[in-house]
Amino acid sequence: MNQAVPLSPFDLSLAASLVLLLALFTLPLKLGLWNRLLTAAVRTTVQLLLVGLVLKWLFESASPWWLLLVSMVMLAAAAREVVARQTKRFKGAWGFAMGSGAMLLSSFIVTIFALTVVISERPWYEPRYSIPLLGMLLGNTMNGISIGMDRLTLSAWRGRGIIETRLALGEKSGNAIGEIRKESIRSGMIPILNAMAAAGLVSLPGMMTGQILGGSPPLQAVRYQILIMFLIAAGSGFGTLFAVWLGSKRLFDGRERLRLDRLRNSTR
Amino acid sequence: MNSLSARNLTFLDLGPFNIEIAGGECAALTGPSGAGKTLLLRSIADLDSHGGEVLLGETACSSIPAHHWRSMVGFLSAESPWWRETVGEHFKGGNAGLEELGFKPSVMEWTIERLSSGERQRLGLLRLLGGEPRALLLDEPTANLDAENTARVERLVARYREENDAPVLWVCHDLTQAARVAGKTYSLDDGELRSDR
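Read top to bottom, the protein sequences are chains P and S. Quick note, our numbering runs 318 ahead of the 1-based positions in the first sequence. Quick note, our numbering runs 6 ahead of the 1-based positions in the second sequence.
Keep in mind the hints are simulated off the structure, nothing from the lab. Mixed in with the good hints, there may be bad ones.
Away from chain P, derived, C-beta distances all over 10 angstroms, residues of chain S [claimed, not checked]: (1) A28; (2) E119; (3) L134.
Cross-link-like lysine-lysine pairs, in silico, DSS-like; alpha carbons within 27 angstroms at most [what the hints assert, rightly or not]: (4) P:K406 / P:K500; (5) S:K110 / P:K567; (6) S:K190 / P:K500; (7) P:K567 / P:K409; (8) P:K500 / P:K567; (9) P:K348 / P:K409; (10) P:K567 / P:K348; (11) P:K500 / P:K409; (12) P:K490 / S:K98.
Think of the CB as a built atom: it goes at the ideal place given N, C-alpha and C, for glycine as much as any other residue.
Using the sequences and the accompanying hints, generate a full structural model.
Here it is in structure tokens:
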């Protein structure tokens, strides 16, 4: 198998000079972006280098316990990100708990399904497969969930008068928030629907590109990409369904009262 | 017996309040704005958390599912929002009383945008009555209406009350209206609820 051409730090600094150039160009436009651009570039470099080290060590140790720990850290980071992206968040640990619960149920189950049933490498948790798979699933599920939850809480906040009027007319809480819930689920699923529709025609997905660069035959890379697309669709779809459902339950109490006091504004 | 009674009702830092409205009786609720009249109605409708108990006839609020309770004690908020395209889509029950409030049956096909605020308010009342609630909690139902339409609403509510033996709690700003529509008046001021006949 052809290996990818190894990249030296010099090659990377050539690419980095493009980012620097962009930063210089934005300076006179007063976009206020140059420092954020540079910070983001530095973060990418440091975070990816660190993760490279972690992966190298993880692939060599192959202990399932370390694997479990790393995946829990990934889950916690994703759940924290879900909360951070909400304009109106659930107070207390609820936002975090619902986000991580939904991701645990969807991403992890889908990953384990793919590892055991579809790929069936031995051992099934082989980190070389499980960590990248889980990472891609978590990343996409996190997107779906945070979009869906953001839509849910914001629409409930703005639609308070309508929801309470419907409650006052004797509708069940699930009914009164039914349309909002549907819209939220729909908007959470749109990114993966778009990605599936545009895949190959407009964009060459990152994983597939990476595999081809790494020397895999294109048709094999394509098969992996199709697998990933389906897994992501299932993972983010189920994750969004579940998170929005949990969130819409939490918006009401046992007496079907709309409880917007359970939300707070983001501090950002 | 279809009376509405609130016993030791508390909400926020207000109360305990006791209210007793017999079936077919209308009580007005007056008081300065901000005194908590709307909150009182919302608590009776169980839209806000509250202490104490509310009964309609023999049925206690806490003994049945909340949506069931709310469909029995029809609460009309001061601004009645509309969420679908046309008027008719909001009417699940009947639409009796249209003519009485000055509408033609074709109003059901109207889109919401073309409704004036007064029309919205009158139709909001009809939407509520369509569900045939056993009691009425009305929060300034004539606030946006001219004299003629105010009289129409007052007549319609009076007829509904008599025909269904329904207790009515009517929040009004206007004391002459209170005297006109209600057999007794509660006034809520500075955390105190007084009842005068």
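Status of the hints after comparison with the structure:
1. At roughly 23 angstroms, the least C-beta separation between A28 of chain S and chain P is larger than 10 angstroms, which holds for a residue marked as non-interface.
2. Every C-beta of chain P lies more than 10 angstroms from that of E119 of chain S, the closest at about 15 angstroms, which supports listing it as non-interface.
3. Its closest Cβ contact with chain P, about 7 angstroms, brings L134 of chain S to no more than 10 angstroms, contrary to its assignment away from the interface.
4. A threshold of 27 angstroms between alpha carbons decides the hint, and for K406 of chain P with K500 of chain P the separation of about 18 angstroms falls inside it, so the pair holds.
5. A hinted pair counts as satisfied when its Cα atoms are at most 27 angstroms apart, and K110 of chain S with K567 of chain P does not qualify at roughly 40 angstroms.
6. Restraint check: the Cα-Cα separation between K190 of chain S and K500 of chain P comes to about 46 angstroms, which exceeds 27 angstroms; the hinted pair is violated.
7. Under the criterion of a C-alpha separation no larger than 27 angstroms, the hint pairing K567 of chain P with K409 of chain P is consistent with the structure, at around 14 angstroms.
8. Note on K500 of chain P and K567 of chain P: the hinted pairing holds, with a Cα-Cα distance of about 14 angstroms set against a maximum of 27 angstroms.
9. Simply put, K348 of chain P and K409 of chain P have alpha-carbon atoms about 37 angstroms apart, too far for the 27 angstroms limit, and the pair is violated.
10. With a CA separation close to 45 angstroms, the supplied pair K567 of chain P and K348 of chain P exceeds the 27 angstroms bound.
11. Restraint check: the Cα-Cα separation between K500 of chain P and K409 of chain P comes to about 23 angstroms, which is no more than 27 angstroms; the hinted pair holds.
12. Taking the CA atoms of K490 of chain P and K98 of chain S, the gap is about 14 angstroms. The hint holds against a cut of 27 angstroms.
Comparing the model with each numbered hint stated earlier shows that hints 3, 5, 6, 9, 10 do not hold.
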